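Just so you know, the protein sequences line up as chains A and B, in that order. Everything in the first sequence is counted per the numbering used here, starting at 1 for the first residue and increasing by one. Everything in the second sequence is counted per the numbering used here, starting at 67 for the first residue and increasing by one.
Calculated directly from the structure, the hints in this document are not laboratory data. Keep in mind that the hints are not guaranteed to be accurate.
Lysine to aspartate or glutamate pairs mimicking EDC-like chemistry, simulated, CA-CA at most 16 Å apart [claimed, not checked]:
hint : chain 1 : residue 1 : chain 2 : residue 2
1    : B       : Lys82     : A       : Asp55
2    : B       : Lys82     : A       : Glu48
3    : B       : Lys171    : B       : Glu290
4    : B       : Lys91     : B       : Glu77
5    : A       : Lys39     : B       : Glu77
6    : B       : Lys68     : A       : Asp30
7    : B       : Lys83     : A       : Glu50
All of these numbers come straight from a predicted model, not from anything done at the bench.
So the chains spell out like this:
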Amino acid sequence: MKYTLIIGDVKESKDIKKGITINHILEEIDLPLETVVVKKNGRIVIEEEEISHGDVIEIIRVIYGG
Amino acid sequence: MKTCTKCGVNEVIIEKKHSGQRLCKDCFIQGTQQKVLKDIRHYKLIDKGDKVMVALSGGKDSVMVLDILNFLYEKNIIDMSTVTIDEGIKGYREDGVKIAKTHAKRLGIEHTVVNFKDSFDTTLDDIMASNSQRGACTYCGVFRRWILNREARKIGASKIATGHNLDDETQAILMNYLEGNIENLTRIGPKTISRSEMFTVKIKPLREIPEREVGLYVIARELEVHLAGCPYSSDSFRGEVGQFIKQLSRNHPTIMYSTLRGFDKLKPAIKYEFAREFNMGECISCGEPAAHEMCRACIFSNELDQNKRSL
Ligand SMILES: [Zn+2]
Ligand SMILES: [Zn+2]
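The shape of chain B in the complex, shown without the other chains (with noise of 0.2 Å):
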């Protein structure tokens, strides 16, 4: 019989291919909180007294960032408020909804949700019946950062916590290295600092731990979340990437920490080349932040207008 490395009880419910290591439930849940805790001091997520808006869909991931968070709330060294954003997609979404509702009352914790529906008169369920032209994480995308971004500043958050993890991550560094988006490549890392003031500091405390853990830790730790993927994620290409570094890790432990860390170490090298020094206007359609004329989320909003006139 196998044995925790920690403490030696002999109930192991993860042995770390990478590491060697074997833990029991208790050391396995306290090695992962002490992990994230370190990470957020490491990286200098979080100062105290911020307020941390945490985007909470029910899955999870942000079930997770929610839980070990609640540990810093707890103990007054910051504050908390959470938002669950309502993409509308019919027998998926709810659940989420539901479970996200649950646990913030169960915290005690300031809880909102936001609709496409109400933000953009359109649901994802809708877009995706139109003959729209991009894929559905791509409007979904850019609609959530849009709401996230507006609620932030709505409740007076100074940090938004997200719950990317390890795959998550690793996902999007290979995604945009193998498209050749050199420039979105600058802005991967635990911690988002925008050039526009008006948009919130994001943060990603579970940025090193693999998705498999995650699942291990909320099921450990009897959490409700919403486990069912969503209907639209396989066809993008981002899933396609996730399965082959999935795939990979199989036989190769440790390949998402590599390219983790490798991907950290190049990061100041891309900054300098192609991080792009310009000044972020207003969109002349909503007011928030933008590159251009107008922001992406009014672009393609009125793209889906003219679609729907066009009909």
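In isolation and in its complexed conformation, chain A is listed as follows (with noise of 0.2 Å):
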């Protein structure tokens, strides 16, 4: 099980852990929810959206600093 994890012009594909959420993937980067937006496969969602395999998670930071 899989997912594809896209930040700026970094893409990687990382294993899914059972129940994760987007709140899951942003702490484990370090960024916090309020300085970014998250799409999931191209729908723009919020933090307790949960990933299932084969999902394209994108994330824009849209604020630096905070």
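Take the two lone chains, each set in its own frame, and fit them into one complex as the hints suggest.
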């Protein structure tokens, strides 16, 4: 089970742990939700959104600092 | 699955911690536009027939201002033009200028680019590489204000609209308070009217919109914006204060709103006590309004010239 994570120009394939949400990803990469907008398969989602096999998660930094 | 508290659709894009509101994309876009237009009316930022010059950097804040003011422009309530300032920051400013041009062209709005180089014969990169004594944001702020003001008069603008958001405004309030710059506090607000008629009125339509919601808005509207951070911003005290309030906001989601509300209540009293009444003269060097013999832009410019000669 894998998902694709895109941050800026960096794109990588990652393993999914059971029940993983956007929140978990943000914690892992240490970016506070207050500074980013997250898209799942092209649609904007909130932090509780769960991730499934094959999803493409894009993290867009909208605020620098903070 | 969570649903939009306005329309019931289940594709929520934001959950506002301070109000408990959850919104889908369409309701968020519409709600934000209405809020900004309401603030414009409430604070009387714009009058019918105004010519509004948007300071368009290509970043999320100014692109959002342009997007919303365009409703008023399309309805022939206002005339509009845009100006982009090129400070001369290599590898950073080019993208912003390009994006600003694209938006102005798409909307059919007049657009000018003004360089630090043409106005002050230097760039921010050169200033920061020299043995200059002040922070980047100080030079940049003073030079930018000088250019905006001159440009506004040149094109006959009655208002200058900037992209300052709620985070910027609370940062400015807190920063000036912490530094004891009480006189500067008297000039913070949705609308800045100067003592000199040579200064064009400045307005901040996004003053009550949190910075993250500005980011969310431009992405939801699919507007192209320049999202990179300025390479010089980190060394400023403003940046430190900004991080501090953003951190506080995580556990206290209403803190920026209450900072702003509290300040707005206090402002008449501060203004009464501390606003200095003096007549603005003209700068002996450039003719722009100045509190002293020379305006700050010319003082800085002279300092930099002297530095260059003493090297
Ligand atoms: Zn809705
Ligand atoms: Zn001057």
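Verification of the supplied hints:
no., hint, in the structure
1, B:Lys82 - A:Asp55, "25 Å, violated"
2, B:Lys82 - A:Glu48, "14 Å, holds"
3, B:Lys171 - B:Glu290, "13 Å, holds"
4, B:Lys91 - B:Glu77, "8 Å, holds"
5, A:Lys39 - B:Glu77, "12 Å, holds"
6, B:Lys68 - A:Asp30, "25 Å, violated"
7, B:Lys83 - A:Glu50, "20 Å, violated"
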